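Asker: Here are the chains, one letter per residue:
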Amino acid sequence: MTVQSSAPTSQDPSPPQPSKTSGLKLVVNRVLRVRELSVLVVDIVLIIYFGAANSEFFTVSNIQNISNFFSAAALIAAGEVFLLVCGEIDLSAGMTFALVPVVMVTLNNDGIQLWLALIIGLAIAAVIGLFNGLVTQYLMLPSFITTLGTLYLLHGFSLTLAGSTPLPAPQDGIIPKIFGVWQWSELTWTVVIILVMQVVLTQTRWGAHTIATGANMIGASEAGIKVRRIKIRAFVLTAFLSGLAGILDGTNIAKSFDPNAGGNNLMFTAVAAAVIGGTALLGGSGTVVGAALGALLLAVLQDGFNIQGISATTFVIVEGVAILLAMTLNIYFTRFRARAKVG
Amino acid sequence: MTVNVGVDEPTAGSASQAPVIEARNISKSFGAVSALRDVSLEVGKGEVLGLIGDNAAGKSTLIKILTGFQQPTRGQIFLDGKLVTLSSVAEARAHGIETVFQDLALIDTLPVYLNLYLNKEPRFGPFLRRSVMQENSRRYLDDIGIQIGSVNDEVASLSGGQRQAIAVARSVYSHARILLLDEPLAAMGAKEGGIILDLISMLRERGEVSMILIAHNYAQVLDVCDRVNLLQHGEITLNKKTSETSVEELLDLVAKEYRRGGKLAGNRGQLLNEAREGP
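Those protein sequences? They're chains A and B, same order as listed.
Residue numbers for the first sequence follow the working numbering, so the first one is 7 and each next one is one higher.
Residue numbers for the second sequence follow the working numbering, so the first one is 22 and each next one is one higher.
Just chain B, same shape as in the assembly (with noise of 0.2 Å):
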C-alpha cells in the first residue's frame, strides 16, 4: 500500500485528459415514478462537484448510482473515459469511488489511528504495528490539516465535525479515487462545519481526489467547489464553474422552480420519496 502524502499539486480542478468519473444521460425510474431523466455529469482529477438541488430532486437516486447501490434504468458511467458498470457497492469501492455517510463507518470504541488503518492493519508476525500507524496517522493529519488531541483518542471523545474529517480522512486514506459526500454539514454547527470545509478545501488543494459534494448551503458550496450542478425534478438545469454563478442565481433558479411547481411540485416529491423508500 503506497500513500502519497504532500504530492505538490497546488492546482485544481479542470482536468485535460478524460473525466475521473463522467455519467452519461442516466435515467432512473421507479414504476411509472422517473427520479432521473437523462442526467449527465462529470468530474475531473482533484475536482470538486457541488450537487445541490430541492430533497426530491434525484440527488440522492444520483448517488445511489454512483456508488453501485442502484443500477440507472438507461445510460453510462465511464471511469477515466472506459465504460464501467457499476453492480455493487462493493465494485464501485473497487474503482475507488468511496461514499461518506455522516460519521457512520467509524469505530467508537477505538483509537484514531486504527480507525484510520481499518482491516488494513500493519502487522510484525500476529501483533499490530502500533507505532507505525500512530506515526504515519499523525503525520498524514498533520498534511492534511485535521487537528485532534492524539490519535491515540477514542473516536468517541471527538466533536461531530472531528469524528466526520477522520470518515473523510480514512476513505482517501485508503485510496478512494472519488469522494461522494451526502450532505457531511448536515446537523453540524458552523465550527463543526468549518472543519469539514477546510478540510474539503485542502483536498482540493493537493488534487488527489476528487469530489462530489451535496449540500444545501449555496454559499459554503460556491466556497469550497470548483464547479455546481443544480438538479431539479430529476434533470440537471445548471452547469457552471463557481466563478461563474452566484448564490443569487442559484436561489432565484430555486425559487423559480417553487412559484412554478406549487403544491403540484410537493406530490411529485412525494411520490419520489416513496419510490425511493420502496423495494
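This is chain A alone, in the form it adopts within the complex (with noise of 0.2 Å):
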C-alpha cells in the first residue's frame, strides 16, 4: 500500500490530553504487562531458594526432573493459550496425549514404518483437534462440553487398543532418539516450539487474529477475518501438540506409552500454567512464553517439594492455592481493565 502525505498536520496543536483516568490506567497498563514478568520473578526466586535450600537441586539428574515435569505441561499450555485467547478450551488434550502414542506403537507393532506410524499418529492427532473444532463451531457446543465428550472418547480408543496395560516405547534408531531418548530431547522440542509459537502469537497475522476473535468476535467477524476458522485452526494446534507430548514424554520418561498417562490431570496443569502465565479466561489475552513461565513454576515448586521430602499431597495443596490466586487476579484485571476503558 502507498500513503501520500501532503497536508499540514493537525490544524489544532492543543496539548495531549492527560485526563484524569489516565495516570491510572498507565500503571494497570503496565502491571498488567509486568504480569508475565511477575511470573518470572516467582520463578527465579523458588528456583533460588529450593537451590539454596537443598545442594541437589542444581544436579543434572534434577534438572532433568524439572524439565520432566515441564515439558508436557508447558506443550499443551502452548496450544491452550491460543484457545484460550480465542475464547475456547480443550479439555480431551491430556487423553490427546496419551492416545497418539498408543496409536503409532500399534501400528508400529502392526508391521508398519516407525516414521510412517509417527505421522499417522501426529495426524490423527490433528484430527482429533478438528474433530473438536468443527463439532464446537458448526454444531454450536460449547467446546468445554465437546471436549468432555471427546475427553472419554479418546480414554476409551486407548484403553481398548492397549489393552489397559502400558506399551514399551520404541527405543533404537534415529527417530525415537530424536523424539525423546536422547536425553534432552523433550525440552529442546518443547523449548523451540514455545518460542515458535510466541512469536506466531505475536508476529503473524495468525495471531493478530486469533487475539481479535478472542476479544470482540462480532467485530473480527466484521472486519472480515474468518473467527470459526482461527478457533477450528487452535483445536488443531492443541491437539497436535498434545499428541507430540505424548510421544515425547512417554519415550524420554517412562519408556513405555501408558494408555492412562497423562489424562486429565496434566490438561488441568496445563491450563492452570496458561492461566498463571497472564492467559485471560475470559479471552483476548495471552501469551505462550508466560504460560511456558506458568509451567515452569509449577515444575519447580513440585521438584521442589519432592526433594525436600515435603509429601505430594502438600503440593497438591499449594498447586490449588496457587490456582485459586492467579485465577482471581487474572479475572480482577480483566474487570479492572473493563472498568478503566468506560472511564
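Please keep in mind that the hints were generated in silico from the structure rather than gathered at the bench.
Since the structure is predicted, the reported quantities are computational estimates derived from the model, not experimental observations.
In this text, a Cβ means the ideal position worked out from N, Cα and C, and glycines have one as well.
It is possible that some hints are incorrect.
Pairwise CB distance ranges, derived in the manner of DEER restraints [said to hold, decoys possible]:
| no. | chain 1 | residue 1 | chain 2 | residue 2 | range |
| --- | --- | --- | --- | --- | --- |
| 1 | B | 152 | A | 232 | 47 to 53 Å |
| 2 | B | 103 | A | 287 | 47 to 53 Å |
| 3 | B | 111 | A | 270 | 38 to 44 Å |
So these bits of chain B aren't anywhere near chain A, every CB distance computed over 12 Å [to be verified]:
| no. | residue |
| --- | --- |
| 4 | 102 |
| 5 | 117 |
| 6 | 237 |
| 7 | 241 |
| 8 | 254 |
| 9 | 265 |
With the hints as a guide, bring the two chains together.
Answerer: Here it is in C-alpha cells:
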C-alpha cells in the first residue's frame, strides 16, 4: 500500500489530553504487562530458594526431573493459550496425549514403519482437534461440552487399543532418538515450539486474528476475519501439540506408553500454567511465554517439594492455592481493565 | 491498497455531479405499520447530512436500509447515479458504505495500529510489518487530527471519545465512501463528544467521504453538517442547508409534532419499535 501525505498536520496544536484517569490507566497497563514478568520473578525466587535449601537441586538429574515435570505441560499449554485467547478450551488434550503414542506404537507393532506410524499418529492428533473444532463451531456446542465428550471417547479408545496395559516405547534408531530417547530431546522440542508459537501469536496475522477473535468475535468477523477457522485452527494446534507431547514424554521418561498417562491432571496443569502466566480466561489476551513460565513455576514447585521431602499431598494444596490466586488476579485484572476503559 | 492522505480539497459538500448516494421514494412497512413513507434523500460527495427526528421517526429503519441490513418495501437506491440493490451488509460494504455503531467494532486488546489495519495487515512473508503499520497509522491519525498517546496503545486504554474516533478513522481508512454515524455522541461528555465533532469537521474539510450523521443535539448537527433532514413519522418534513435553518426552527417543528401527536404519537412510536424488533 502507498500512503501519500501532503496536508499539514492537525490545525489544532492543543496539548495531549492528560485526563484524570490516564495516570491510573498507565499504572494498570504497566502492571498488566508486568504480570508476565512477575511470574518470571516468582520462578527465579523459587529456583534460588530450592537451590539454596537443597544441594541436589542444581544437579543434572534434578534438572532433568524439572524438565520432565515442565515439558509436557508447557507443550500442551502452548496450544491451550491459543484456544483460551480465542475464547475456547480443550479438556480432551490429556487424552489425546495418551492416545496418540498408543496409536503410533500399535501401528508400528502391526508392521508399519515407525516414521510412518509417527506421521499417522500426529495426523490423527490433528484430526481429533479438527473434530473438536468442527463440532464446536458448526454444531454450536460449547467447547467445554464437546471436549468433555471427546475426553471420555479418546480415553476409551486408548484403553481398548492398549488392552489397559502400558506398551513399550520404541528405543532404537534415529526417530526415537530425536523424539525422546536423547536425554534433552523433549526439553529441546518444548523450548523451540514455545518460541515459535510465541512468534506466531505476536508477530503473524494468525496470532493477531486469534486475539481479535477472542476479544471481540463480532467485530473481528465484521472485519472479515474467519473466526470459525481461527478457532478450529487452535483446536488442531492444541491436539497436535498434545499428541507430540505424548510421544516425547512416554519415550523420554517412562520408556513406555501408558493409556492412563497424562490424562486430566496433565490437561489441568497446562490450563493452570496458561492462567498463571496471564492468559485471560475470558479470551482476548495471553502469551505462550507466559504460559511456559507458569508451567515452570508449577514444575519447580513440584520438584522442590519432592527433594525437600515434603509430601505430594502438600504440593497439591499449594498448587490449588496458586491456581486460585492466579485466576482471581486474572479475572480481577480483566474487570479492572473493562472498567478503566469506561472512565 | 492506496490511501490518499491529505488531498487538498478545502471545499466540501454540494457536488455538481450525481450524488454519492441517493434514496428515492423509499417505503418500508412492517405488516400494517409503515415505518418509512416515500422517503427520498441524497448526499453529495464530501457532504455531511444531519438526520434528526424523534425516536420512532424511522431513522434506524432508514439507516438499516442504506446499510443493506433490511430491504425497502418500495423504492430505489442509487450510488453515483447507478441503481443498486443492497441485499446484505456485506454488499453495502463492498460499495463503500460503512456504519459506525459506537466503538463496538474495535478490538480492545490490540494496539491502535492493528485496529486500523485489522484483516488488512501488510506482511513480510508470514510476519506482520509492524513498523509500516505504526508509521502509517501515526501519520494518518495526525493528519485527521486524532490525538492519542501512541499508536502502540491498546484500544482498551483510550477514552470513549478517542475509541469512537478510532472507529470512525478505521472506516475511512478502509475506504469507506459513505459513512453512517448512528448517534456517535450518545453517552459522551462534552469533551469526548468534541473529539468526534472535530473529526467530522476535519473529514468534511477533506471532502473524501460523505457522511450521514444521526444525532439528537441540534446545535451540534448545525455545527458540523452541510444539510439537515428532519424525519417525522416516516416522512422527511424538512430538507435545508444548515446555513438556512436554525435550532429554533427545528425545535419548533418538533414541538408542533408533539402538540399534534399527543398520546397517539406515543402509541405509534411504540408500535413501530415493536415492529422493528420483531423478525
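Asker: Each hint needs a verdict: does it hold in this structure or not?
Answerer: Evaluated hints:
1. 152(B) with 232(A): 47 to 53 Å: With Cβ atoms ~27 Å apart, the hint is violated.
2. 103(B) with 287(A): 47 to 53 Å: At 50 Å between Cβs, range holds.
3. 111(B) with 270(A): 38 to 44 Å: Since residue 111(B) and residue 270(A) have Cβ atoms about 43 Å apart, the given range 38 to 44 Å holds.
4. 102: Its Cβ never comes within 12 Å of chain A, the nearest being 28 Å, so this holds.
5. 117: Consistent with the label, residue 117(B) stays out of reach of chain A, its closest Cβ about 15 Å off (over 12 Å).
6. 237: The assertion about residue 237(B) holds, with a minimum of 21 Å to chain A.
7. 241: Per Cβ check, residue 241(B) is outside 12 Å of chain A; nearest 18 Å; holds.
8. 254: 32 Å, holds
9. 265: The claim holds: residue 265(B) sits with its nearest Cβ about 27 Å from chain A, beyond 12 Å.
Checked against the numbered hints above, the structure breaks only hint 1 and satisfies the rest.
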